[in-house]
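Asker: If you read the protein sequences in the order shown, they are chains A and B.
Quick note on my numbering: the first sequence kicks off at 13 and runs consecutively.
Quick note on my numbering: the second sequence kicks off at 169 and runs consecutively.
None of these hints come from the bench; they were simulated from the model.
Think of the CB as a built atom: it goes at the ideal place given N, C-alpha and C, for glycine as much as any other residue.
Please note: incorrect hints may appear among the correct ones.
[What the hints assert, rightly or not] Just so you have them, the derived chain A footprint on chain B, three or more residues with Cβ under 8 Å:
no., segment
1, 266-280
2, 326-340
3, 419-429
4, 490-503
Listed here are the chains, written in short residue letters.
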Amino acid sequence: MVIYLLRRLGLALLTCVFISVLTFIIIRLPPGDFVDAYIANLAASGSSVSVEQAQAMRQEYGFDRPVVVQYAFWIGRVLQGDFGVSMMWRRPVTEVIGDRLWLTMVVSVAALFLTWMIALPIGIYSAMRQYSFGDYLFTTLGFIGLAIPNFLLALILMYLGFRYLGLNVGGLFSAEYVQAPWSWARVWDLAKHLPLPAAVLAMAGTAQLIRIMRANLLDELRKPYVITARAKGLTERRAILKYPVRAALNPFASSLAYLFPYLVSGSIIVSLVLGLPTVGPLLLQALVAQDMFLAGTIVLLLGIMTVIGTLISDLLLMWIDPRIRLEGR
Amino acid sequence: MQQTPMAERTALAIRDLAVQFESEQGVVRALDGVSFDLHAGRTLGIVGESGCGKSVTARSILRIVDRPGRITGGHMLLDPGTPQEVDLAALDPESKRMREVRGGRIGLIFQEPMTALSVHYTVGNQIIEAVRQHSDVSKEEARNRAIELLREVGIPRPETRISAYPFELSGGLRQRVGIAMALAGDPEIVIADEPTTALDVTTQAQILALLRRLQAEKNIALMLITHDMGVIAEMADEVAVMYLGRVVEFAPVQQVFAAPRHPYTRALLRAVPSILATPRQRLSTIGGAVPHPGSRPTGCAYHPRCSERIGAICMEQRPRPVPSGEAGASCFKDEAREQAA
């Protein structure tokens with residue numbers, strides 16, 4: 013078990029290094045370097061930078077050194093929390109991203125929980141009552157859910173919420189809390205705004221997970237240990253929840269890691285429509301404006317969070333499946 | 169005719185049991201009028217090829233036939249002739265009564281000790297669950313009982329093995345765990361569905377010896393499902409030979425081996441490898457394959473493969489069923505022989 017953990021941790025670190033290299037490549041991908049872009053930017057707004065100044069900047073950022081050294085420079089700064097300056101906003105990247113990273117996580121995790129809370133019971137129901145009316149109904153709803161573009165649903169829900177429920181739709185905060193410092197009142201305000209975006213984001217994933225859970229469970233229901241459980245005299249409900257459902261959760265836990273980046277990248281348009289202060293729209297803007305420090309930082313952070321998600325799903329798997337836990341015992 | 173005395177209490181009487189699987193492709197009669205008795209302290213061997221309905225019989229008795237299978241006729245009388253007599257075929261499979269029977273009155277031992285246990289829980293967890301299902305004991309008592317059960321089935325160091333996961337045990341030990349679990353509710357009837365098929369020969373002998381010992385100790389009525397005539401010879405008191413959802417021959421075990429009455433039984437016995445055979449002698453097989461139960465041959469279902477057909481009657485009429493509790497064969501040739509005698 014310790015070996016398993018250590019190996020996973022080592023792999024996670026290695027993956028992070030690869031991600032950082034990729035990010036570095038992305039940042040350097042556009043022609044010219046940051047200083048060229050900076051000068052061009054300044055020139056466009058009327059001011060200018062002397063050749064000496066430019067040279068000094070290049071030295072400061074290490075742009076006159078070999079690529080490997082430049083990478084070392086960059087990663088050294090990143091490790092100190094300095095992600096460079098956003099061209100578009102002319103402010104440090106950390107400042108631009110600010111709360112957005114955490115808010116993205118909050119929205120994504122909320123959507124994830126909602127997905128599980130809806131998909132698990134329905135998937136179990138569909139498998140246990142295969143080909144029943146309810147199964148067909150949920151299947152149909154599920155495919156509709158998969159087919160409707162998220163942003164369309166977001167618009168419809170916004171309209172309905174505003175028109176009939178008088179909800180304050182859009183964004184994650186009410187106007188008075190947008191710029192306010194964190195307080196319990198602000199958290200509560202966030203909680204009130206969360207259901208709508210979470211529901212919209214959860215929809216497609218839910219439809220997918222229902223199908224996965226249904227298929228997994230149908231496989232497991234055919235296994236002999238289910239008959240064993242029934243032959244013991246357990247109620248059908250207990251026999252199924254304790255044994256095959258537990259086994260069917262395995263693929264669920266391992267797909268957890270992939271859901272996170274999926275939610276973030278899939279949420280860009282929805283976030284734009286709903287005006288959510290998440291990193292999705294920021295990433296889109298940064299890419300359009302070729303703001304490579306900002307884009308690179310977001311890609312790096314999302315990558316690292318995905319690695320962390322993978323680690324969490326590995327821990328979950330260990331908890332669910334004793335065969336993994338006891339490996340090498 | 170030698171008849172084995174049947175003084176022992178009849179624990180379970182199956183009468184004309186019929187089970188159907190309805191699907192879009194049509195109706196499959198998995199069981200078509202099966203009758204036999206289980207007696208305390210005795211072993212009924214049920215033998216036949218794959219697909220003859222052996223396992224469906226076992227699951228029907230416990231009322232855990234998978235959908236779309238359902239019982240369409242017949243009775244399964246638990247404690248027949250006593251005031252407690254109950255027809256399992258008439259119970260709701262999800263009722264409390266039926267669940268008390270499952271594991272509490274009738275235990276089930278499985279073919280695949282690997283897949284019949286869940287890999288997600290320790291063997292202790294799975295046995296304790298079975299113990300507590302059928303008696304009102306504390307967790308601590310249930311645990312002690314589980315250790316006791318593991319010791320009874322011959323598992324060394326049961327105190328440590330109780331916290332092992334099934335995949336940490338050998339096939340033989342796993343099957344012992346399976347037996348311990350079947351005995352957890354202290355049932356008087358045990359159904360063993362091919363309990364030794366997945367095991368190597370040495371382990372097989374040990375498991376059979378264990379079953380015999382436990383049966384003697386607890387006076388268990390054992391229903392042993394197998395396709396192995398060797399296991400039948402070693403274990404069974406009576407034998408029911410099944411073919412396509414029917415019992416085609418029923419007889420005490422010596423009689424089945426000494427004077428089989430149904431051509432199918434004779435063919436099965438010829439297909440058993442013998443060390444007395446001359447070298448390079450080809451092993452006799454039964455020609456053809458078991459027909460799909462959905463397209464059951466007319467008349468006697470065995471007639472297309474039968475080497476002893478006596479004429480059109482075999483193809484057109486259904487031979488009389490084996491009378492329950494008596495030795496007999498469901499075969500026109502046997503009827504003719506009986507009339508001649």
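Asker: At least three residues with a C-beta closer than 8 Å to a C-beta of chain A: is that true for the segment 266-280 of chain B?
Answerer: holds (count 11)
Asker: If you count the residues of the segment 490-503 of chain B with a beta-carbon closer than 8 Å to a beta-carbon of chain A, do you get 3 or more?
Answerer: violated (count 0)
Asker: Examine the segment 326-340 of chain B: at least three residues should have C-beta closer than 8 Å to a C-beta of chain A.
Answerer: holds (count 3)
Asker: Count the residues of the segment 419-429 of chain B whose CB lies closer than 8 Å to any CB of chain A, then report whether that count reaches three.
Answerer: With 0 residues close enough to chain A, the hint is violated.
Of the hints listed earlier, those the structure fails to meet are numbers 3, 4, in rising order.
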